[in-house]
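Chains as they are written, first to last, in the numbering used here: chain A, 1 to 236; chain B, 1 to 199.
Just so you know, nobody snuck in bad clues.
As a list, the in silico SDA-like pairs of lysine to any residue whose alpha-carbon atoms are at most 20 Å apart:
| hint | chain 1 | residue 1 | chain 2 | residue 2 |
| --- | --- | --- | --- | --- |
| 1 | B | 70 | A | 161 |
| 2 | B | 70 | A | 135 |
| 3 | A | 6 | A | 38 |
Chain A side only, calculated, beta carbon under 7 Å to chain B, not exhaustive:
| hint | residue |
| --- | --- |
| 4 | 10 |
| 5 | 14 |
| 6 | 18 |
| 7 | 19 |
| 8 | 20 |
| 9 | 22 |
| 10 | 48 |
| 11 | 55 |
| 12 | 62 |
| 13 | 66 |
| 14 | 69 |
| 15 | 74 |
Source of the hints: derived by calculation from the structure; they are not laboratory data.
Just so it is clear, CB atoms sit at the ideal spot from N, CA and C, and this is done for glycine as well.
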Amino acid sequence: MSAVDKDEAAAAAGEYVLGLLGGEERARFERRLATDGRLRAEVAGWEQRLAPLALSAEPVEPPPHVWARIEESLRAAPPRAWVPPVRSSRADRRLGLWRAWALGATAVAAVLAGLLIVRTVPPAGPALVAVLEDQGSRPALLLRVAGGSLSTAPIAALDTRGRVPELWLLPGADAAPVSLGVLEPRGRSERPLPQQAELLAAGRSVAVSLEPPGGSPTGQPTGPVVYTGVLVRDEL
Amino acid sequence: MARVRAVSAAAREGNGEPESAALLAAVVRGDSAALSALYRRASPRLFGVALRLLRRRDLAEEALHDAFLKIWQRAESYAPERGSADASLATIVRNTALDRLRRHGREIPIEDTGELEAMLEAMEQPDSEPMHRLVAMSEGQALAACLAELEPEPRRCILLAYWLGYSHEELAQLLGRPLGTVKSWVRRSLVRLRHCLER
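Isolated chain B (complex conformation) (with noise of 0.2 Å):
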């Protein structure tokens, strides 16, 4: 019960597009209240990007804090034919992240295999909170199974990349690969799904 409520407001929030693109309308006429507004909405998620990537509060927090003053600035480059809005929004936080990620270097390293394995099992069992709401939010619908028709350690590099921000180099040594097996197995998952999304 508590699942099926949980996806149901999932739902209702990956739903919200609309909303958020007229907020960031309002943004780009230079309405204060609409960036407020579209901050009330939007960061609980955002926030959770950024605390993903860089697993400390402080430097997460900053993050948050950068990409919204960059969302204030860049509010007149955003075009609704160019893609969602808070798809937009979630890849200026995510590479604010990053860029910090890059600079700083990674704060809590993940020594223990076995905190990986259970934080990668959370993430991409079908079963799993994360794979919930992604399923939930129709845009993630076909993500979602595209992703499923990858092999699973090609998957994994796909998303321990794009979650948590990892080198190839890093793939590499967490999944006791060669070098050059992530690196083609990355390249060839990305087409797969360039390929899979066109259907």
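One chain only, chain A, in its complex shape (with noise of 0.2 Å):
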């Protein structure tokens, strides 16, 4: 990379951290840091190195309602276990905060399908594809559903701790998460369908949680979520 380069990704991704990016620049900005590892770490970079002036903001100490909102909602919301994790058909406030995460990725997904190159046969019915993100939005498991295969690529090495990426699939409103099975975290995982595969459809949302080895031992989400998706047809 010449050291103009590197001045200009410097600059873009400042001021992308900074905040002055609005609109149709953000989005552009945010396309390009889908496939350009580099410019993420300039962007991780950034707010490192501007962090002192967050942290040498004047204290202002917070009222005590806000912690107790915050245990509230903490109590109110797994997948993240904030007590043993009970057992519920009703999972409603959960996935309206699974819902809040799971960001429509369709222009993104249309460009990045491309870089699978996990081989499926021709597909049997329409083919499905996600862009997992992170929470700061940043792209990093691509996921393709084609004829009979389900099949996953990270972007950048998934972040897993120690612990095991499992695939969930969240089939409507009043749906507990399904499981599509534990994923390979360094490279490509591909696998057949499972047996919920009638559920996968555009438009459903697809998260990763962090499990203990071997998966979830509830059968439902008992780690925190790490990324979310939006399942859309495949039009390529």
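Using the hints, put the two chains back together into the complex; each one sits in its own frame.
Right under this line is the structure:
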């Protein structure tokens, strides 16, 4: 990377972190982030470099009800177990939080689906893709459902911290998440579609949580949700 | 004397990184008491960040709430080698507040430029509390030194954008400068900061 390119990347990433990019400029930058690991690192670097400006803010004691509300929200909303998880068929508040994170990534999905190298047989039903993003809205994992196979490819190395990534489908508003199986954290996964395949449809959300080795012991997510996405038809 | 005490207190706050990192590691293991301890330690500064951006207590409270949910949920994705735990917390809170600012617009506009001038003066004079707090943090010293190397108006752009969430257009309007000038000031200043911090 030339010195000029490095400076350009530094300036663009800095503007993004400062929050100066708006609307279309911001969307364009985020599309660049999707495929440019160095740019993502540059963004992370600026966040760290400028953080002392935030940390040197004048401290203001927040009122006690703020913590009370945080506790209440966390208690009401697994998948990250705040208290031992209770199996429940009604999961609206949990799903409310999930929905808040499920980011539409339709345009990006169409572009990035081409990056999947895994071959699948010609599809029987419509092929579906999803780009799963982290909570910083950075693309992390590609998912493709086609021709009886479900395949995944990480965009950058999945950070699993010694736990096991498990893929989940949210079939609808009142339904509990359905496991689509444990993923290979380092490379691509491919497996035949699980029995719940008929639940896979465009518009449904998918997510990855981090589970103990072997996957969730309860059949429901027990660990933190790290990536979320939405299934869309693969038009390519 | 009061100033010396304030700086020492700030220094103690600023050097708490090992504690934050340890608490965050415990949060990763699912320790809810650790999250509570992290909140007790960090929330005054983090609330200050949100308040400065949103300038309304109720919105800043919501942002702090949302940010801590994210901190709990995202704890697994932290890695010490990626940077400081305190910095990561501050980043999440700032980004959450910035998102809200974008969605809802600036609730309390700074119409009176007199007020803005006073705020800026309070913020950027080397002798001011914010700069004292910045320098009192070991991680803040390099940044303070590099910021000092910038020209005053470009430096204001960086600080106004970071602290108050101003856009290019708002900066141009506030400083009474053309949009193109502000944009190139910011880009050049960022490049200079980057090089300076690399030294």
